[in-house]
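Below are the chains, spelled out letter by letter.
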Amino acid sequence: MSKTLSQLNIGHTGKIREILTDHITKERLESLGIIKGLSITTVRETPLGCPRIYRALNTLVTLRNKLAKQIIIEEGDYHGEVQRNNRSINR
Amino acid sequence: MEKCREITAVLIGNPNTGKTSLLNSLTGMSLHVGNWPGKTVEKKEGRICFQGKKIKIIDLPGTYSIAPYSEEEKISHIYLMTQKPDVVIQTIDVNALERNLLMTMELLALGKHLILAFNFNKEAKRRGIQVNIPKLSAELQLPIIRIEAHTGENIDALLEEVVRYSDQKKEEGLEEKIPDYILNLKKQNQAYLYDDELTHARAIKLIQTKVAPYYKATRSNQKTDRIDAFVLNKYTAFPLFFLVMFLIFKTTFTVSTPLIEMVDGFFTLLGKGITHLGLPSVLSSFLIEGIIGGLGSVISFAPLIFILFFFIALLEDSGYLGRSVILMDRIFHRFGISGRSFIPMILGFGCNVPAIMATRTIKAQRERLIAIFTNSFMSCGARLPVYLLFAGIFFPKNPGAVVMLLYATGVVIAFVVSSILAKLLKGHEEETMIMELPPYRLPTANNVLRNAWFHTKGFLRKAGTIIFGSVLIIWVLASLPWGVEYGSENSLIGAFGKTIAPYFKPLGFGHWTFAVALIFGVVAKEVIIGTLGTLYGVGSEALALVLPHHLSPLGAISFLFFVLLYLPCLATIAVIKKETNSLKSTVLQLLATFSLAWVISFLIYNIGSKLGF
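Chains as they are written, first to last, in the working numbering: chain A, 331 to 421; chain B, 6 to 618.
Be careful, since some hints might not be right.
As a list, the in silico DSS-like pairs of lysine-lysine whose alpha-carbon atoms are at most 25 Å apart [said to hold, decoys possible]:
(1) B/LYS368 / A/LYS396
(2) B/LYS431 / B/LYS368
(3) A/LYS396 / B/LYS431
Source of the hints: derived by calculation from the structure; they are not laboratory data.
If you're wondering where the values come from, they're calculated on a predicted model, not measured in any experiment.
Using the sequences and the hints, build the whole thing.
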């Protein structure tokens, strides 16, 4: 099921389908490990609800919800470890 | 001659990979550690001698990519495109190996002679992360050296590799060679020239394929997760945050006050010593009032800045600073700015000079300009003695409340002005707040002290040179025409003060001495006290008897608000000019803050009078 990253519940993992930001922001996201085809987990939210903290490529990255809305993910049984061993990149 | 050739090694790496620690361990020079304020945006170099070879080490800004988007990345990009260093050392946090290798691919694609310095191996081992270095090294066709940057462990092995690798590359003809797997990647990307989105996706796929057999990661960092569960918890996050900030300020001011007094005392003694030398009066006045007075006031703030930066470095190296930034982000966002403006604000309570330099960490140009503009509304350490003196004289019952009111007003005005500017500058890009949260790590005394010292040194150099020039000018104006008493009514500066004094009458402090004191205050705010003392011919202590004759309590409040807002000191003005790189916006800022100060003091004095104070 497709949803935006901002809708991904805490503790859940999804696979990144599309990044709809401007090019510069997308480059920045990608160099921090938020790349189409990889999995991402919502780790926790800050007390005021924004920004939220995600785990991508084994590091913690914070994103404002407004930005996370522009990242389309697919939620499923994607857990970092499983992904690691059967990775396949979508073209 | 060939033997004497110097080896050039360039240091590059993602933030939080221990790059600056490695630089310190390699060069032994006192360089800045960590990745907060302004940091390695300046190019830094160190020269060392190792096994009879000279090695020049150049530090490039810590970045996640060398694609030329941000200022830091541009520096790295231009350097790597135009220069051919013998070797490039990339620091890599083994705990985030795949993410780190993304930049490795970019460096390889440029054909660099790359050595990977794997850092935080002990931490990785504790977390159960396994990596087979020899196999991985063969797979990537790159030398890999394990180090512990903060303790300097295995640094010699890294240097040996630098020497060996550059010799080997020299024998191979110095040709920059790109590994086949990168050439393939480049070819694939070429096919998608108009679809460069696949660049990172392809690179990470390649990395994961290569790394997988030799690298076993764990899913999460449990220690960091446990600490975050408390630090970012709904109930404990803000109490903890305020406690930490309170302790930092309390300790900074408690510890630095006696130190500042000691430094002041030393310069006063020095001045007295010069009086006894029997030099010609012009010369001795120049030395005492000009040089010693000016430099003394700069140096006396060194302890305050050192201690404040000590704590900031401690927070940064521990990992808490990044958390405090995201905690503040939601609140700051309401005013059109982001959590990134938080650190410069905090530093502004110490001194606006390093605080404004720290705005370099704000990526979005609009927010950076706002942060620079509003920083001088933070009551710096130099304003505190003025507040304390006036509050003590005019409100002996509760001087603390007056001082608190001034500090709070400064913060409120900074936020209000920020939101106004954010609306005015609407067209500019907004800060995105994409930020990595580093794992919690134990700070090392060495790195924290170096960091604090580095900033203090930078402040002394910057403020020192500016103050030196400005005291010269002020001294001349206060001494001309020759023969007048220094800074008195008849001097040029006194005459100027008398001319402008009427403009301050509606604010409740129309006596010419205040105008002169405010002019001197632009050199450094605490000089206001000394100036008033000189003008009334009394010491600072006796001002308590004189001032009430020229000023009502309401006038004193109005004066203090004016001091809070009117103009930043010369050193700050110079930094504003340098950081905004625009004379126009600097001048606009000065006009705006001065007008704001005038209006606020006018309102306070006139509304206060109407209310019968």
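For each hint, the structure was consulted:
Restraint check for B/LYS368 and A/LYS396: the C-alpha separation of about 18 Å stays at or below 25 Å, so the hint holds. Distance restraint check for B/LYS431 and B/LYS368: the Cα-Cα separation of roughly 16 Å lies within the 25 Å cut-off, and the hinted pair is therefore satisfied. Distance check on the hinted pair: A/LYS396 and B/LYS431 sit about 17 Å apart at the alpha-carbon level, within 25 Å; holds.
No hint from the list above goes unmet by this structure.
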